[in-house]
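**Q** Whole structure, please, built from the sequences with the hints as guidance.
There are 4 protein chains.
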Amino acid sequence: MIKSKTTLRVRYSETDQMGFVYYGNYPQYLEIGRVDALKTVGVSYRSMEESGYGLPVKELKIKYHKAALYDDELEIITTVSSMPTNKIVFDYEIRRGNDLIITAQTTLFFINSARKACRPPESFLQKMKGYFS
Amino acid sequence: MIKSKTTLRVRYSETDQMGFVYYGNYPQYLEIGRVDALKTVGVSYRSMEESGYGLPVKELKIKYHKAALYDDELEIITTVSSMPTNKIVFDYEIRRGNDLIITAQTTLFFINSARKACRPPESFLQKMKGYFS
Amino acid sequence: MIKSKTTLRVRYSETDQMGFVYYGNYPQYLEIGRVDALKTVGVSYRSMEESGYGLPVKELKIKYHKAALYDDELEIITTVSSMPTNKIVFDYEIRRGNDLIITAQTTLFFINSARKACRPPESFLQKMKGYFS
Amino acid sequence: MIKSKTTLRVRYSETDQMGFVYYGNYPQYLEIGRVDALKTVGVSYRSMEESGYGLPVKELKIKYHKAALYDDELEIITTVSSMPTNKIVFDYEIRRGNDLIITAQTTLFFINSARKACRPPESFLQKMKGYFS
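Protein chains in written order, with this note's numbering: chain A, 89 to 221; chain B, 89 to 221; chain C, 89 to 221; chain D, 89 to 221.
Derived from the structure by calculation, the hints contain no laboratory data. One should not assume that every hint holds.
Same chains, same names: a pair is fine if it fits in one copy or spans any two.
Straight-line alpha carbon distances no greater than 27 Å define the calculated DSS-like cross-link-like pairs of lysine-lysine that follow [stated by the list, open to error]: (1) K175 <-> K154; (2) K91 <-> K217; (3) K93 <-> K204; (4) K91 <-> K149; (5) K146 <-> K91; (6) K154 <-> K217; (7) K93 <-> K149; (8) K204 <-> K146; (9) K175 <-> K149; (10) K175 <-> K151; (11) K215 <-> K154; (12) K93 <-> K154; (13) K204 <-> K154; (14) K215 <-> K175; (15) K204 <-> K151.
**A** Have a look at this one:
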């Protein structure tokens, strides 16, 4: 299993006139969480993309529990619970202290430089194997 | 049942370096679709909010089928299939001609000026009733 | 001289908790204006980019006169007053009916597929010449 | 004089299909810089807004020197060179190591809870005075 924690501070631009973080800004936060989870295991998403791979999102689910506010410090807890195949599933919790703000899940798949679905790079799978027995 | 169609053109700012519409921009498109669906039945979201109500999102699900590109003209088809109660469920398809780009669903609930969950405004329910028998 | 007008409706996601359109969202609107101005004279920015050129922004100036609000219908008036060279200057006004919301100016320059500054495509200059005597 | 430095990492969502940070995302970065500059001198923008004041932008100027890329670590250097009156001017540099990415200036003014231009809160002026002799 892979698990990472990262924090961010809510920007003014991310609020809407209801006074909350706009619901459509959370996918940005999730992406920060999963890039961080990959870094934790020694995978740089930037390098992976520079070598021709991409990792687009196939499916997104978010449950909104509590509103986040401007200047809040949020914690993103990202988990990968099962060994990635051609796809990889990330689970997320975003918290403000003890408050649960959202829970979410994204499923991503690998594409090659021709923009076709493909197996992950071998080096990626090698790095992952250590975390799933 | 309520059904509406609205179109939009992909902005440059909405693309990412993969060359696709960033996955986190679709919630903005969905919001345009549902505001349009409400207008279709004579409900102005703006007026509803000005009179003290809000309609935050409780749950979001998106399946990404095909990538949309810069300058694409997209059609958002929004459907409300069952009579709203304290919550309202919208289903969406976003298409580019015959290509299905995404399918999505959002569940929203009503809040009053004290930011507490509440029944929808009576006038809203009256307008809705004509569409669900 | 080139002059174009295009309209857009303010999205909920574009507001901030002050209840106004976030100041940082106007550059998106300006880009819609200039793409439209180019279309007016038969230039597709999308095609130009597909053929290897880019048109990044070198300089941006905005004066904010009045706040725009959610659901406002805004008019973007875009002007090119002098014949483009390696760079091109766009002037903008964004209006809501008689209210002037912002005035702005952007200076852009051409880059080639190697991401180096370059002369505009010949076909672009040809199309422009008719508008500047 | 007030001067602050803060860092941020470029998000994937902030890139565009040219492969650069979208030019319209820098105003968000500038806002992070100025909120940080105010914190440096003991002013919380969040608290100021909660007590009824707002600080909208009147004028924005950006010069783009070099493109920033996904995952870059950027440094925002924010300066206030003259004692704020009813308005306050911030100057900015955004750097990636030795590379200058952009320089910018924003002018902001104070509004009260009635959304009218006003003098800054007295406590704000008191805190500022120590920095300008």
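**Q** Measure nothing new, just compare the shortest in-copy and cross-copy C-alpha distances for K93 and K154 to 27 Å and report within, between, both or neither.
**A** within (19 Å within a copy, 31 Å between copies)
**Q** For K175 vs K151, is the C-alpha pair at or below 27 Å within one copy, between two copies, both, or neither?
**A** both (22 Å within a copy, 14 Å between copies)
**Q** Under a CA distance limit of 27 Å, which applies to K204 and K154: within one copy, between copies, both, or neither?
**A** So K204 and K154 pass the 27 Å test across copies only (12 Å; inside, 38 Å).
**Q** How do K146 and K91 come out at 27 Å by Cα distance, when the copy is not named: within, between, both, or neither?
**A** both (21 Å within a copy, 26 Å between copies)
**Q** For the identical chains here, do K93 and K149 meet the 27 Å Cα criterion within one copy, between copies, both, or neither?
**A** both (20 Å within a copy, 24 Å between copies)
**Q** Should K91 paired with K217 be assigned to within, between, both, or neither, using CA atoms and 27 Å as the limit?
**A** Answer is within; shortest intra-copy Cα gap is 14 Å, inter-copy 47 Å.
**Q** Please sort K93 with K204 into within, between, both or neither, judging by C-alpha distance up to 27 Å.
**A** Intra 31 Å, inter 31 Å, cutoff 27 Å: neither.
**Q** Given a CA cutoff of 27 Å, do K204 and K151 count as a within-copy pair, a between-copy pair, both, or neither?
**A** So K204 and K151 pass the 27 Å test across copies only (18 Å; inside, 30 Å).
**Q** Classify it for me, K204 with K146: is the Cα-Cα distance of at most 27 Å met within a copy, between copies, both or neither?
**A** within (13 Å within a copy, 34 Å between copies)
**Q** Given identical chains, is K215 near K175, meaning Cα to Cα at most 27 Å, within a copy, between copies, both, or neither?
**A** Close inside one copy (15 Å), not across copies (44 Å); limit 27 Å.
**Q** Within, between, both or neither: how does the pair K91, K149 come out at a Cα-Cα threshold of 27 Å?
**A** Answer is both; intra-copy 19 Å and inter-copy 23 Å each pass.
**Q** Is it within, between, both, or neither for K175 and K149, if the alpha carbons may be no more than 27 Å apart?
**A** Both, since 16 Å and 18 Å are each at most 27 Å.
Hint compliance for this structure: hints 3, 6, 11 are not met, and every other hint is.
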